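> Now for the letters of each chain:
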Amino acid sequence: MRIPLLRLVPDNTNLDFFQFRRFSFPVSAILSLLAVLAYFHYGLNLGIDFKGGTLIEVQSKTPKVDIAAMRTTLEKLQLGEIQLQQFGDNEVLIRVAQQPGGDQAQQEVVAKVRGALGESVEYRRVEVVGPRVSAELLGYGIIGLGLAIIGILIYLWFRFEWQFALGAMIANIHDIVLTIGFMAVTQIDFDLTSVAALLTILGYSLNDTVVIYDRVRELLRKYKRMPMAELLNAGVNQTLSRSVITHLTVTLALIALLIWGGRAIHGFAAVMTFGVVLVGTYTSIFIAAPMLMYLGVGAHRERASGDGASERS
Amino acid sequence: MHFSTWRAFAIIVVAALICAIAIPNMLPQATFDALPNVLKRKMVLGLDLQGGSHLLLQVDADFVRKEKGENLRDDVRRVLRDTKIGYTNLTLQGQTVSVRIRDEKDVQEALRKLRELSQPLTGVFSGSNIQDLEITENGGLIRLAITPAGITQRVGQSVEQSIEIVRKRVDELGTVEPSIQRQGLDRILVQVPGLDNPKRLIDLIGQTAKLTFRMVDMTTSVQQAQAQPPADAEVLPSNEGQPYVIEKRIVVAGEDLIDAQPGTDQRTGEWVVNFRFNSAGSRRFANATRDNVGRPFAIVLDNKVISAPVIREPILAGAGQISGSFTAQTANDLAILLRAGALPAPLTVIEERTVGPGLGADSISAGIKAAWIGSIFVIIFMLVTYGLFGLFANIAVAVNVGMILGILSMLGATLTLPGIAGIVLTVGIAVDSNVLIYERIREEVRAGRSALSALNAGFDRALATILDSNLTTFIAAAVLFYVGTGPVRGFAVTFGLGILTTLFTAFTFTRLLVALWYHWWRPKTLPI
Numbered sequence: 001m002r003i004p005l006l007r008l009v010p011d012n013t014n015l016d017f018f019q020f021r022r023f024s025f026p027v028s029a030i031l032s033l034l035a036v037l038a039y040f041h042y043g044l045n046l047g048i049d050f051k052g053g054t055l056i057e058v059q060s061k062t063p064k065v066d067i068a069a070m071r072t073t074l075e076k077l078q079l080g081e082i083q084l085q086q087f088g089d090n091e092v093l094i095r096v097a098q099q100p101g102g103d104q105a106q107q108e109v110v111a112k113v114r115g116a117l118g119e120s121v122e123y124r125r126v127e128v129v130g131p132r133v134s135a136e137l138l139g140y141g142i143i144g145l146g147l148a149i150i151g152i153l154i155y156l157w158f159r160f161e162w163q164f165a166l167g168a169m170i171a172n173i174h175d176i177v178l179t180i181g182f183m184a185v186t187q188i189d190f191d192l193t194s195v196a197a198l199l200t201i202l203g204y205s206l207n208d209t210v211v212i213y214d215r216v217r218e219l220l221r222k223y224k225r226m227p228m229a230e231l232l233n234a235g236v237n238q239t240l241s242r243s244v245i246t247h248l249t250v251t252l253a254l255i256a257l258l259i260w261g262g263r264a265i266h267g268f269a270a271v272m273t274f275g276v277v278l279v280g281t282y283t284s285i286f287i288a289a290p291m292l293m294y295l296g297v298g299a300h301r302e303r304a305s306g307d308g309a310s311e312r313s
Numbered sequence: 314m315h316f317s318t319w320r321a322f323a324i325i326v327v328a329a330l331i332c333a334i335a336i337p338n339m340l341p342q343a344t345f346d347a348l349p350n351v352l353k354r355k356m357v358l359g360l361d362l363q364g365g366s367h368l369l370l371q372v373d374a375d376f377v378r379k380e381k382g383e384n385l386r387d388d389v390r391r392v393l394r395d396t397k398i399g400y401t402n403l404t405l406q407g408q409t410v411s412v413r414i415r416d417e418k419d420v421q422e423a424l425r426k427l428r429e430l431s432q433p434l435t436g437v438f439s440g441s442n443i444q445d446l447e448i449t450e451n452g453g454l455i456r457l458a459i460t461p462a463g464i465t466q467r468v469g470q471s472v473e474q475s476i477e478i479v480r481k482r483v484d485e486l487g488t489v490e491p492s493i494q495r496q497g498l499d500r501i502l503v504q505v506p507g508l509d510n511p512k513r514l515i516d517l518i519g520q521t522a523k524l525t526f527r528m529v530d531m532t533t534s535v536q537q538a539q540a541q542p543p544a545d546a547e548v549l550p551s552n553e554g555q556p557y558v559i560e561k562r563i564v565v566a567g568e569d570l571i572d573a574q575p576g577t578d579q580r581t582g583e584w585v586v587n588f589r590f591n592s593a594g595s596r597r598f599a600n601a602t603r604d605n606v607g608r609p610f611a612i613v614l615d616n617k618v619i620s621a622p623v624i625r626e627p628i629l630a631g632a633g634q635i636s637g638s639f640t641a642q643t644a645n646d647l648a649i650l651l652r653a654g655a656l657p658a659p660l661t662v663i664e665e666r667t668v669g670p671g672l673g674a675d676s677i678s679a680g681i682k683a684a685w686i687g688s689i690f691v692i693i694f695m696l697v698t699y700g701l702f703g704l705f706a707n708i709a710v711a712v713n714v715g716m717i718l719g720i721l722s723m724l725g726a727t728l729t730l731p732g733i734a735g736i737v738l739t740v741g742i743a744v745d746s747n748v749l750i751y752e753r754i755r756e757e758v759r760a761g762r763s764a765l766s767a768l769n770a771g772f773d774r775a776l777a778t779i780l781d782s783n784l785t786t787f788i789a790a791a792v793l794f795y796v797g798t799g800p801v802r803g804f805a806v807t808f809g810l811g812i813l814t815t816l817f818t819a820f821t822f823t824r825l826l827v828a829l830w831y832h833w834w835r836p837k838t839l840p841i
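Protein chains in written order, with the working numbering: chain A, 1 to 313; chain B, 314 to 841.
Treat the hints as calculated values from the structure; they're not laboratory data.
None of these values were measured; they are calculated from a predicted model.
Glycine is no exception: its CB is placed at the ideal position from the N, C-alpha and C atoms.
Wrong hints could be hidden among the right ones.
Far from chain B, by Cβ distances over 12 Å, these chain A residues were calculated [as the list claims (entries may be wrong)]:
| # | residue |
| --- | --- |
| 1 | Val-27 |
| 2 | Tyr-39 |
| 3 | Ala-68 |
Listed below are several chain A residues computed to face chain B (Cβ distance under 10 Å; list not exhaustive) [what the hints assert, rightly or not]:
| # | residue |
| --- | --- |
| 4 | Val-126 |
| 5 | Val-129 |
| 6 | Ser-134 |
| 7 | Gly-151 |
| 8 | Phe-160 |
| 9 | Glu-161 |
| 10 | Leu-202 |
| 11 | Thr-209 |
| 12 | Met-226 |
| 13 | Met-228 |
| 14 | Leu-252 |
| 15 | Ile-255 |
| 16 | Leu-257 |
| 17 | Ala-269 |
| 18 | Ala-270 |
The following block holds chain A by itself, in its conformation from the complex (with noise of 0.2 Å):
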């Protein structure tokens, strides 16, 4: 007896993404606009790598943590702002604002809490970042979106044309305009991780949209006369198949990750899950492919069809 294997996508799918461009476009319009007045009504909760300050996570010796008591006891310190976020019975947080004076005085944050919890809990993390570090590693994460975004444009401008390399761009930036938004609403800690989550995005929804790019292309040497629409929409429908499939197995790793790799990458985990299942498909599904249109794929393609139809009467 054979079992049957799975088709998630039935052969010969042709569904009209094309024009589903007239709900996409508008609506990712929309949900950029959000996404960037997320950004500015909330802002990103950047985490100390960006913002300085001094991160303690504690675990105490009791079963349960008497998280009041401990906040009393630590405002007395008089740190400025002071933030206790529980975890579990016994687990917490602590985050302690940038002191003024420079890198030195941060040193002093950790000694004063140390002196006020004492040995009753168990420091299972303590970071602290001055304002020069936080300062640079801002600097490097800015740089190192912007570095990869033209990196990825050259290599697709060779292997491609322009056309293709703006389309992947433009796919990009809308990639990460929504996580960013993402990260304003949960207020997810905005930290290095998070960098590395938004590269990871940008390389993943990439190699989605160079999948359907390279279909096209194909397409475009082998039916010279399809009109430009109907080929985009066959490109996406033969590739549909491995979108699909591809993507259920990365989701599969990242939910892997999300409920059992453990708190220290979970909001890593979290911020990929949104940008890879959610975003970075739609994108080169709905965005990148139906774009090449607007940007004139093709363009002196139809032109010599054009001539082809004259030809012909």
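Given the structure of chain A, go ahead and fit chain B onto it with the hints provided.
Only chain B this time, still in chain A's reference frame:
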């Protein structure tokens, strides 16, 4: 779908060898130690996984600059005095010392002597004939400017010296495999595994530990000195809180110490630090104590008086002790600092990241658990979707992960928690390359090709796509590696390596598996 025998053999041997390099990671420590040295290669666990402290230290470059300027001014004064050339207006402004030579006829002689102060730069600048000083003369006014290259070199030397001293100090703590390396122009990265409270480490590293023995100035009172600072003395605070007026002239400095050990005083029982001078130091100390019996001298550490005992009798043996209400630990730490020597410039901790051993262990188990569960999900999904070909894909992915671990071990790279995440994502990417191939084969089958020609066309056409899509992702990984630090870099390493191994398996290994299967079974239709 044709592989020559030697090529098939080569592919399997390469894949198996690279995977095999990862094996020592799984051996128990005792077995690992028994391996011959060539095979002793292992991934290093990042501080986030094994627990430990990461400290980024900044060398105070401004201090180095200022000191270099002051030294130059003192040198100029010394040279002109030694050669008995009259001068006025010796000033230091920023990095430039200027001096006016009184007598016109001495100018050339002064220039000649002062030029000897300038040193050619070594290191990266060697051979380019760049000097650390630029000396100009205009109507008897000589200017000596420290060149930017000279400053850079001096800062660099300070960093190198600081690294040596920090290393000595950290080694004294007896921790396992601390790593101390230079970062950028003026920074030092200290990583100490297994240390869950770096406070003592920071205290040890953060002190300049410049020790001097000087005489207490008895000719003036503290109040007078504060109101009207004398030329050759300064007011310094002390550990007990009471300030002293201390002569600027240094009798003996920390450089002349050859040993320092903590101990207890035989009479009082309190903790002290016993020290010994080298012969030059002994001689100077003996002379000074002989001439000043009955007067107090001061032991000054980082511009703070530790103690100021009165000299009861000349100290000729070149050994002594420092007392100053120490505990066992502070006496020991001071001894460590004195043995290691003074830092050439102050160090500031600008970044600290410490992970306790408990969290590290939790992160490892969570990371490994997530990796296994993720892999199992993917394996099942591939089997359900592609059947036998799914099995091939799973084997290829397993080889892929094995190869990543092998290369990481070979490089002795650091595995961090984000690094594990990178491996999990590689599983996703590696599967994608198989999906691209299989979907293409399915298409070719639908287009009516025979089994063999569908396989060939599927692989050939999919590979171009795989190359393009993976190289774009690789660019992102390369940028991450370049701009990232610490854990992020760990992610970039595994993610980037994963893309390369994916390309290798997609282009060779998977294809070989399918080819072997095809030549064995000669199927008419493909079970895909």
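> Each hint: holds or not?
Quick rundown of the hints versus the structure:
no.	hint	verdict
1	Val-27	holds, 26 Å
2	Tyr-39	holds, 22 Å
3	Ala-68	holds, 24 Å
4	Val-126	holds, 4 Å
5	Val-129	holds, 5 Å
6	Ser-134	holds, 9 Å
7	Gly-151	holds, 5 Å
8	Phe-160	holds, 8 Å
9	Glu-161	violated, 14 Å
10	Leu-202	holds, 5 Å
11	Thr-209	holds, 8 Å
12	Met-226	violated, 17 Å
13	Met-228	violated, 21 Å
14	Leu-252	holds, 4 Å
15	Ile-255	holds, 8 Å
16	Leu-257	holds, 5 Å
17	Ala-269	holds, 7 Å
18	Ala-270	violated, 12 Å
In this structure, the earlier hints numbered 9, 12, 13 and 18 are contradicted, and the remaining ones agree with it.
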